[in-house]
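The hints should help you fit chain B onto chain A, whose structure is shown.
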Amino acid sequence: MSDDGARLVGMLRTMYRIRFFEERVKELFGQNLIWGGVHLYIGQEAVATGACAALRRDDYLVSTHRGHGHCLAKGGDIRRTMAELMGRDTGYCRGRGGSMHLFDPEIGLLGGNGIVGAGLPIALGAALSAQYRGSDQVCACFFSDGASNQGTFHESLNLAALWKLPLVYICENNLYAATTPASKTLPLPDIYVRAAAYGIPGVSVDGNDVEAVYQAVSQAVTRARGGEGPSLVECKTYRIEGHCMVLDCHRDPEELAAWKERDPIRMFEGRLLEMGVIATDDIAELRSQAEADVREAVEYAQASPFPSADDLGLADLPAAVVAGF
Amino acid sequence: MYVQALNEALVEEMGRDASVFLIGEDIGYSGGGVFRVTTGLADRFGDGRVRETPISESAIIGTAVGAAATGLRPVAEIMYMDFITCGMDQVANQAAKISFMSGGQVRLPLVIRTPSGMGTREAAQHSQSLEAWFVHTPGLKVVMPATVYDAKGLLKSSIRDDGPVLFIENRMLYYEKESVPEGEWVVPLGQAAIRREGDQLTVVATAYALHKALKAAEMVAGEVSVEVIDPRTLVPLDMEAITRSLEKTGRLLVVHEAPVRGGFGAEVVRRAMESAFEYLDCAPRVLGGAATPMPYSPPLEDACVPQVEDIVAAMRAMVGR
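Residue numbers (the working numbering), protein chains in the order written: chain A, 1 to 325; chain B, 1 to 321.
Treat the hints with caution; some may be incorrect.
Here are the computed distance ranges between Cβ atoms for each label pair [what the hints assert, rightly or not]: (1) B:G15 <-> A:P181: 49 to 57 Å; (2) B:T85 <-> A:T185: 19 to 27 Å; (3) A:P181 <-> B:M273: 50 to 58 Å; (4) A:K26 <-> B:E240: 50 to 58 Å; (5) B:P54 <-> A:D311: 39 to 47 Å; (6) B:Q125 <-> A:D311: 41 to 49 Å; (7) A:E255 <-> B:Q125: 41 to 49 Å; (8) A:L314 <-> B:E278: 23 to 31 Å; (9) A:E106 <-> B:M273: 42 to 50 Å; (10) A:S288 <-> B:R107: 37 to 45 Å; (11) A:D311 <-> B:D302: 28 to 36 Å; (12) B:R107 <-> A:P181: 56 to 64 Å; (13) A:E254 <-> B:Q125: 44 to 52 Å.
By construction, these hints were calculated from the structure, which means they are not laboratory data.
C-beta: ideal position from N, C-alpha, C; glycine also.
Just chain A, same shape as in the assembly:
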């Protein structure tokens, strides 16, 4: 298989892993084995996958509250990711972070974030750090339509443009901010046009087309790595699930059905079959491998111990409050 073919198949594999991971997370939440604010990435797999395929392992990534896909696509360990969601000591953050706060410095993953828009200023720091050290790393900063209305979006783009920081802003416009449709929060439907206000390139791509995302982000990465500064890539996509497991939102059934028709994984499967990069059997094998990876991750997590409160190393746990601190 050509390098390009391997890349394409690799991207399909990543998308399967994310999708099956998320489907399993949904089940585990229903079984009370995962808790809290769990924000599923189903329907948006092409964005993380295409974008991360354009990044190096040592590039930085600033994630969001909907970040499982970012972590897996960047090369995160699926077992440690699942273990973190299941609150285990073997999880990425030893059970301190959970679903919204995945960190892995080994792959440049600087954390998910429970605060919408809060990653944008942090991305400035990672990009500045690369520039300061004379490294050619870039920082990919994921955020969504909701975050694009936070003040931090504007502060961040302004400073990144001013200092020509090696930053790639990846907006996942999934059309909903929590339960509110983008039509009620954006005066213009396009977010990429805001780049013009800061004198940086802004492009819009089909966020359900993994190749389109890959191409657009690759260009932005090349520009950033070359010292030409930041870019904004808006990926038009759709969040198939509700905001989080405990907060669904009403969607027009026709809208939902139309987007399901544009499933990023099915679209990509079709294209790869058409191109002759893979055959139907390959698809079955890729799928079952991804399913096995997820199954194994769950088994690993379930076999892992919960962390001990003794390891918090605190003198002021409530039970010990008399000791004071």
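Then chain B, alone, in the frame of chain A:
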């Protein structure tokens, strides 16, 4: 001078460690910060290491957070402590929590320097002492130098610390003079200083209130024997030093300029009740700011925080004189 001591600390630490850089509004060639703490540093280290920013507090603190998480040691300046509200998410939800939430995978060696305090007649949005907010937020160290010597020594320790430090300066102290040694020194975080020894009353006082408390102690010398303790760092707090003093004196008065309600003084009293209850001869007291936004007019502003005569009165009352 306090302001020079801070400047020297920055020069020395930037010279010692190339990963230390400064970020903030007006701090570079535009003038070295409105209080001139960073004067001359851009000339010395260049604008790559003295990063002058737009008025964007979230971006300033967020940049410091991201840079610290990726191997640098940023020192961010927030021009007035009041303005930290604009970057509060980055302080309280990001800087304070990332190291913990990452399960210890990420270190966050950053310092946020910011001046607080009243007395400069700048009204309610430029005169606040907000230390209690940060004492209340797990994950931050909170440092408050009250002397020239400490301004330098504590800032150097803060820069070398591997966690996020909120370094609170005091505007009334910037031009405070004190003779200090030549060369380098560091003051460890978490060690209180006994500024005056006595055996009838322990006064714990922070920042500018320390100077007022020392004046008050001098004024009652001969009638009340006052021990004055400067905690220097509010988190971690040297409770041992305070407890040792209470063992001797049996009386506790805490003085600060921040509002008393829900304040740092209440925290010292809480902990003294746990660590030193058996030594106490009378109820501890906190003398602090009124529960009101700071007014502009001098007599009004002065009335809102403890003055030397208020402290004198409290000292006398507590020992029954």
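key: Indices of hints not satisfied (ascending)   = 11, 12
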